[in-house]
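Now for the letters of each chain:
There are 6 protein chains.
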Amino acid sequence: MFYHVKELQYHAKPEKPDPVYAKKLQEILGGQFGEISVAMQYLFQGWNTRGNGKYKDLLMDTGAEELAHIEMLATMIARLLDGAPEVDLADAAKDPVVAAILGGENPQHTIVSGLGAMPSDSMGNRWTANYIIASGNLLADFRANLNAESQGRLQAVRLYEETDDRGVKDMLSWLIARDTMHQNQWYAAMRELEEKENIVVPSTFPRELQKEEVAYTLFNYSQGNKSAKGRWANGISMDGCGMFNYVEHPVPHGDRPKLRPAPTYVHDTPLAAMRKSDDTPDPDMK
Amino acid sequence: MFYHVKELQYHAKPEKPDPVYAKKLQEILGGQFGEISVAMQYLFQGWNTRGNGKYKDLLMDTGAEELAHIEMLATMIARLLDGAPEVDLADAAKDPVVAAILGGENPQHTIVSGLGAMPSDSMGNRWTANYIIASGNLLADFRANLNAESQGRLQAVRLYEETDDRGVKDMLSWLIARDTMHQNQWYAAMRELEEKENIVVPSTFPRELQKEEVAYTLFNYSQGNKSAKGRWANGISMDGCGMFNYVEHPVPHGDRPKLRPAPTYVHDTPLAAMRKSDDTPDPDMK
Amino acid sequence: MFYHVKELQYHAKPEKPDPVYAKKLQEILGGQFGEISVAMQYLFQGWNTRGNGKYKDLLMDTGAEELAHIEMLATMIARLLDGAPEVDLADAAKDPVVAAILGGENPQHTIVSGLGAMPSDSMGNRWTANYIIASGNLLADFRANLNAESQGRLQAVRLYEETDDRGVKDMLSWLIARDTMHQNQWYAAMRELEEKENIVVPSTFPRELQKEEVAYTLFNYSQGNKSAKGRWANGISMDGCGMFNYVEHPVPHGDRPKLRPAPTYVHDTPLAAMRKSDDTPDPDMK
Amino acid sequence: MFYHVKELQYHAKPEKPDPVYAKKLQEILGGQFGEISVAMQYLFQGWNTRGNGKYKDLLMDTGAEELAHIEMLATMIARLLDGAPEVDLADAAKDPVVAAILGGENPQHTIVSGLGAMPSDSMGNRWTANYIIASGNLLADFRANLNAESQGRLQAVRLYEETDDRGVKDMLSWLIARDTMHQNQWYAAMRELEEKENIVVPSTFPRELQKEEVAYTLFNYSQGNKSAKGRWANGISMDGCGMFNYVEHPVPHGDRPKLRPAPTYVHDTPLAAMRKSDDTPDPDMK
Amino acid sequence: MFYHVKELQYHAKPEKPDPVYAKKLQEILGGQFGEISVAMQYLFQGWNTRGNGKYKDLLMDTGAEELAHIEMLATMIARLLDGAPEVDLADAAKDPVVAAILGGENPQHTIVSGLGAMPSDSMGNRWTANYIIASGNLLADFRANLNAESQGRLQAVRLYEETDDRGVKDMLSWLIARDTMHQNQWYAAMRELEEKENIVVPSTFPRELQKEEVAYTLFNYSQGNKSAKGRWANGISMDGCGMFNYVEHPVPHGDRPKLRPAPTYVHDTPLAAMRKSDDTPDPDMK
Amino acid sequence: MFYHVKELQYHAKPEKPDPVYAKKLQEILGGQFGEISVAMQYLFQGWNTRGNGKYKDLLMDTGAEELAHIEMLATMIARLLDGAPEVDLADAAKDPVVAAILGGENPQHTIVSGLGAMPSDSMGNRWTANYIIASGNLLADFRANLNAESQGRLQAVRLYEETDDRGVKDMLSWLIARDTMHQNQWYAAMRELEEKENIVVPSTFPRELQKEEVAYTLFNYSQGNKSAKGRWANGISMDGCGMFNYVEHPVPHGDRPKLRPAPTYVHDTPLAAMRKSDDTPDPDMK
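Protein chains in written order, with my numbering: chain A, 343 to 628; chain B, 343 to 628; chain C, 343 to 628; chain D, 343 to 628; chain E, 343 to 628; chain F, 343 to 628.
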């Protein structure tokens with residue numbers, strides 16, 4: 343159950359309107375690695391966690407915080423839109439800034455949301471739960487989270503570079519710091535489980551049931567062998583269970599596949615047409 | 343540029359048809375962490391990599407391999423569908439197996455693809471590039487890759503549990519082993535960059551520009567303090583740059599946000615209606 | 343900013359596992375009118391509301407409650423999945439219940455989420471922000487909310503009919519009651535604004551700028567005139583500003599549109615081919 | 343069955359080309375509340391209506407009209423694109439209007455549709471049936487329709503504000519008037535059913551099966567109690583069946599949920615790793 | 343502008359309910375090549391056609407007919423659902439037919455649409471305008487149409503095979519016949535334009551601006567040379583403008599691409615980390 | 343199985359950066375008819391082809407080539423982005439070119455991909471497998487392929503017109519030539535199968551099972567009879583099996599559909615409300 347307080351976790355006030363930047367800032371609100379994604383991802387992971395231990399608590403702590411970040415960004419975007427001039431093509435003739443706004447704004451910020459934030463990214467793609475991950479396996483999911491915070495901080499930093507507004511930069515410097523913490527925390531959680539389970543997910547699948555002979559092999563499927571020099575092709579494997587090796591000229595280990603003629607009720611290309619289509623009989627087709 | 347050979351990387355031949363399992367197996371072909379996802383993810387990362395060093399080569403090696411895995415799964419699914427009985431509701435009266443097939447098969451496997459594999463997951467959602475990640479920052483992306491191989495191996499293992507077909511299990515044991523390698527290799531690549539860059543992505547953003555005072559703080563936004571006992575709340579941070587700390591009762595650091603009345607041209611709720619809607623004047627609305 | 347407590351708003355415990363019902367119940371968690379939709383819709387409306395009056399407070403109160411409903415449903419679904427038998431096609435031969443499970447379960451509940459809830463609907467479509475609405479105009483949005491609670495309660499009631507599990511029914515009877523309140527509250531809010539603004543949204547557009555002559559006309563575009571008998575075709579209009587009227591045989595008020603030949607740089611069908619394609623010259627093409 | 347006439351319902355001829363506005367106008371053709379949405383929504387509701395009474399007729403009348411509106415907008419957009427200059431970055435150096443066009447146009451209007459309208463919104467998102475609603479319950483659906491016409495008129499009015507083209511404004515004044523009628527008509531239909539069924543959808547669910555004790559309660563989940571002053575928290579409920587009440591400090595009515603350890607075949611985090619992860623034994627995990 | 347008549351183009355009455363088949367039949371209503379797709383495709387092509395000649399008329403004739411086909415299928419699906427038993431897992435124990443229904447039905451047909459048709463395919467994917475094509479070039483689009491009718495008839499035929507219901511088969515035999523006509527008509531239209539424009543779209547691009555030396559070459563990128571025996575690798579080209587030729591061992595015609603280091607403001611992997619990552623200096627990185 | 347070589351199939355080097363054009367060029371990389379679409383389409387068709395004859399070989403040859411085209415475009419886009427100036431609204435005041443870039447660039451090219459190509463189209467829509475087709479029936483699929491190459495070449499030609507960069511034009515002239523070959527080759531393959539199967543897909547459905555009486559009829563559902571003059575309405579049908587005919591005034595061949603009242607468990611509008619809603623009893627409702 344959730345309680346809301348009206349105050350923001352941190353300030354979200356720009357110095358001045360900037361509808362073009364408002365469009366860009368949508369990326370970290372409603373994009374693939376925006377705040378909606380991390381909020382929903384951590385909450386779903388928390389709800390699906392077994393027991394009530396510290397991992398579940400950590401997930402719920404962080405999920406609830408990310409909801410506050412959605413709120414900060416929604417507020418910032420509305421304020422970047424407030425007071426922006428209404429512009430049209432006739433105005434552009436006189437002023438390149440108007441031209442830039444006309445081209446660079448998100449028209450839905452006026453037409454659809456009435457100068458409010460939208461649950462979408464910087465190109466207007468609506469947020470989708472395709473972005474999130476909750477597998478029930480915490481080591482796998484902590485890696486998903488470490489990735490999410492890495493991509494998220496990277497995008498926030500790039501956005502930091504694209505504005506001179508001190509209010510926006512102030513808010514981003516908060517979010518960037520929180521992403522530093524979140525990378526650190528998921529890293530710690532990941533390492534803790536790796537110490538118990540080793541690094542390969544899932545740890546509970548009996549090793550002997552996989553083809554051990556190719557479990558530590560780098561196949562060179564792309565011309566050039568620079569990858570042969572990496573750590574991943576030399577020495578003991580990262581999980582300590584094998585020796586890395588490199589196959590410079592990989593060959594197929596399977597057959598050339600042959601699909602049987604389809605049953606007539608699916609009306610694929612009739613066998614007669616297929617047969618006649620070759621100058622010589624196809625030995626694969628009985 | 344790519345060359346194709348007709349032989350499979352490894353065998354993909356089931357003992358017998360099983361259209362219900364064919365539907366399930368689609369998950370690791372066209373699902374969020376299926377083979378299309380990893381193939382496209384690694385190739386796009388490779389194409390966007392600067393220079394021509396070992397990381398690019400590794401990405402292209404592995405991307406090309408994943409294309410071969412799509413092929414193996416497509417072949418296996420077509421064969422699981424081949425020879426499956428055509429069933430309808432009348433038949434179900436006599437045989438629970440028919441009932442199970444009727445319910446559990448993917449009808450598009452007949453109607454749309456003519457007993458062939460589809461570029462979609464086990465619930466029929468078509469594959470989407472929303473699933474993939476290529477940021478230009480390799481440490482971020484190697485984490486995405488480590489996650490993808492962790493989720494992917496987890497799903498392959500779950501599917502291994504759901505069949506008794508020795509042909510299917512044989513193929514899965516190959517794919518599971520390859521996922522072991524790929525987890526190891528991305529882990530190695532991640533660690534290598536972490537040794538150079540430290541763990542926080544991006545490493546190039548000046549630390550002093552983030553709010554350092556909250557860069558190592560765990561805020562307890564979910565009732566209960568089990569998370570206070572974790573590594574992430576105690577001692578030196580994982581990046582070695584700070585001390586973790588825990589705030590049991592986090593308070594807001596920002597104001598209660600007030601959005602100004604909207605300009606008339608957006609036709610939001612008129613100010614008069616908003617004002618009158620409160621019994622007392624709203625001090626937030628000037 | 344949000345705080346989370348670990349206790350649920352209301353109990354979410356089924357009597358026994360039922361993976362087929364778990365699949366169905368996803369509809370009101372992650373479907374078009376599921377709890378994710380209403381939570382996100384009310385929160386975005388709240389964040390985009392001008393001022394800090396009672397409407398904003400009401401939106402935030404209700405948005406926060408809906409987050410608790412997501413949590414209840416996620417918990418219920420995980421419990422409906424827990425303890426469910428692992429089944430395959432061979433088992434189905436012996437037991438129609440197994441056949442029903444094999445057909446009726448969502449395979450992603452095992453393969454993807456590890457027996458946890460998913461952010462998707464009963465057919466496995468991932469939740470998308472296409473479902474939500476926040477326009478900045480509260481009268482419009484309260485109507486969206488009234489609709490959402492109407493559709494949502496309808497779906498919950500249909501799901502109530504589809505189970506005999508007393509635990510599930512107990513939880514649904516809570517959610518259904520809350521939907522009763524929410525329909526009442528949005529109805530009250532809608533009526534309050536209608537009393538100030540009249541019923542046509544937006545109220546701020548000058549009436550004289552619309553074509554008043556067709557602002558109260560029902561055009562009979564579908565054969566048969568049963569619709570002529572409705573309130574909407576007779577008497578004073580609902581907004582009190584006009585008289586409803588009915589046009590039995592509507593005629594076009596516009597011209598037959600003619601598009602000019604495309605400029606050559608778009609390489610549409612060349613004019614020569616278009617021209618020659620008619621036996622007689624086309625007077626529409628100069 | 344449908345017949346088409348070549349004449350438009352109303353004129354759709356701009357004074358001059360304006361590719362930037364053409365991009366914006368796509369919103370009410372192929373957006374969430376564009377004409378495709380209302381056409382498809384009313385037609386599906388009509389086809390799914392039981393019997394052949396006046397409601398079905400009204401739905402089919404209006405659905406057929408909305409098809410004519412798609413046609414008007416498609417024509418208008420094609421004409422706004424016709425004759426627009428072909429521009430590139432070199433030209434922009436000389437003319438801010440060119441810069442505005444280059445930024446503000448939809449490149450697919452040239453590359454994909456050859457200067458024709460597209461079935462997408464102003465940010466290029468293709469139309470999706472996620473937008474539409476047809477539940478089989480007409481009171482619910484009339485509310486969906488009232489919302490759709492409210493959002494749709496609001497967007498048309500905002501677009502009216504964003505152009506000076508008299509031809510465009512003339513067409514919009516027609517569409518805005520029609521939306522006035524459609525809001526009136528769905529309002530009338532909604533009220534008529536409410537008089538028979540009362541306001542809570544569905545009316546056919548026995549009241550005693552819902553938790554009556556929370557069916558008229560406003561829970562204050564967001565700090566501050568401005569919402570306590572609303573009609574929705576005081577007096578008899580809108581449906582006349584209860585008394586509204588307000589709970590200032592809502593508490594949980596459910597337990598802290600505990601999920602059982604997952605069965606081994608799903609390979610979630612192993613119990614051992616979960617157990618050891620807490621310094622003290624977790625009483626929730628048996 | 344459109345007029346609707348209440349009668350169907352052809353009968354749509356099944357002998358008996360069959361909710362499993364209703365789910366399957368959704369494919370040709372709301373799937374990739376369902377009737378919504380062809381209706382919207384032909385109408386958008388018609389609205390975007392230049393002039394008012396016979397091609398535009400043909401497109402509007404056929405688009406309007408496809409609207410009638412949506413209506414027939416929506417009616418048929420509602421009737422296949424009407425009278426279907428309400429079933430649950432307990433019932434399945436006694437009856438494999440119930441098990442089949444429980445597994446094979448679309449739960450949204452009850453929960454969401456109230457026993458009505460949905461705008462989605464047989465796996466529940468909502469219809470999307472991603473499926474349709476309207477390029478402004480009629481020869482290209484007639485090929486799209488020929489394909490759509492080919493895929494559509496194929497799916498209708500497969501569905502014909504999957505039922506014994508004489509009412510359903512009767513309706514399908516109508517739709518299949520209409521698809522025969524539509525394949526014939528688009529074929530005729532395509533051939534007519536090919537006679538004027540030759541076969542390569544667009545015909546208006548000057549041949550000398552393409553690399554003529556590879557305009558008729560089959561590159562053998564997949565091992566094995568069976569494709570060398572085809573018409574496409576021998577003799578004069580289909581457009582009569584070149585000679586087909588076959589390259590058994592294709593080589594690259596381009597360089598090994600090198601991307602320059604990224605500017606610092608995008609925070610890609612820092613050059614230092616890239617450089618050090620190779621044992622030897624990378625000559626591609628200056 | 344696939345092997346990759348680092349060299350490109352053809353050069354992909356622009357003369358100078360142009361981020362606005364980079365955004366546009368995404369269309370033929372990740373759009374509906376971009377290179378991802380054709381690569382995936384041909385590969386899936388190949389994997390689903392029965393036997394191992396020349397058609398399968400041709401599909402795999404071409405699918406592998408299209409992977410190389412993705413690579414060329416990804417490289418070109420990255421280079422068009424490299425060296426582009428970082429711009430903001432303040433800069434736009436001074437320079438219309440900056441204004442054009444600010445409006446016309448894809449912000450995700452900086453924020454998300456770090457100056458790399460994205461798997462999306464020119465409006466930022468991520469690629470989806472909704473775009474592709476693999477039916478198991480080769481004649482149907484060759485038509486899909488002919489269409490894809492027609493649309494693809496058309497889009498490449500339009501993009502050719504929109505740039506003066508000689509490097510870009512050089513690469514496009516290669517791709518345009520390859521599309522010429524691919525149109526020729528699918529045309530040849532289509533004609534070959536048509537000679538064996540005749541033109542109507544699928545050829546294996548017994549003609550007598552379709553309603554022959556409407557298999558060659560053009561129904562005039564759109565006012566005006568220009569379409570009556572076409573080849574499709576006169577003479578022997580294209581498949582040679584019938585005579586085309588034209589029905590100027592088509593009438594319904596089906597009944598007015600009546601849906602029965604819904605069972606109570608779906609809670610559609612209650613029959614009482616429906617009945618009372620008409621002034622006179624509805625004869626359709628028993």
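Calculated from the structure, these hints are not laboratory results.
Note that the Cβ used here is the ideal one computed from N, Cα and C, for glycine as well.
Just to be clear, a hint being listed does not mean it is correct.
[Claimed, not checked] Computed, partial: chain B to chain F, Cβ under 8 Å:
| # | residue |
| --- | --- |
| 1 | Glu349 |
| 2 | Leu350 |
| 3 | Met382 |
| 4 | Gly456 |
| 5 | Thr470 |
| 6 | Ser477 |
| 7 | Asn479 |
| 8 | Ala614 |
| 9 | Ala615 |
Tested hints:
| no. | hint | in the structure |
| --- | --- | --- |
| 1 | Glu349 | holds (6 Å) |
| 2 | Leu350 | holds (7 Å) |
| 3 | Met382 | holds (6 Å) |
| 4 | Gly456 | holds (2 Å) |
| 5 | Thr470 | holds (5 Å) |
| 6 | Ser477 | holds (6 Å) |
| 7 | Asn479 | holds (6 Å) |
| 8 | Ala614 | violated (34 Å) |
| 9 | Ala615 | violated (33 Å) |
In this structure, the hints that do not hold are numbers 8, 9, in rising order.
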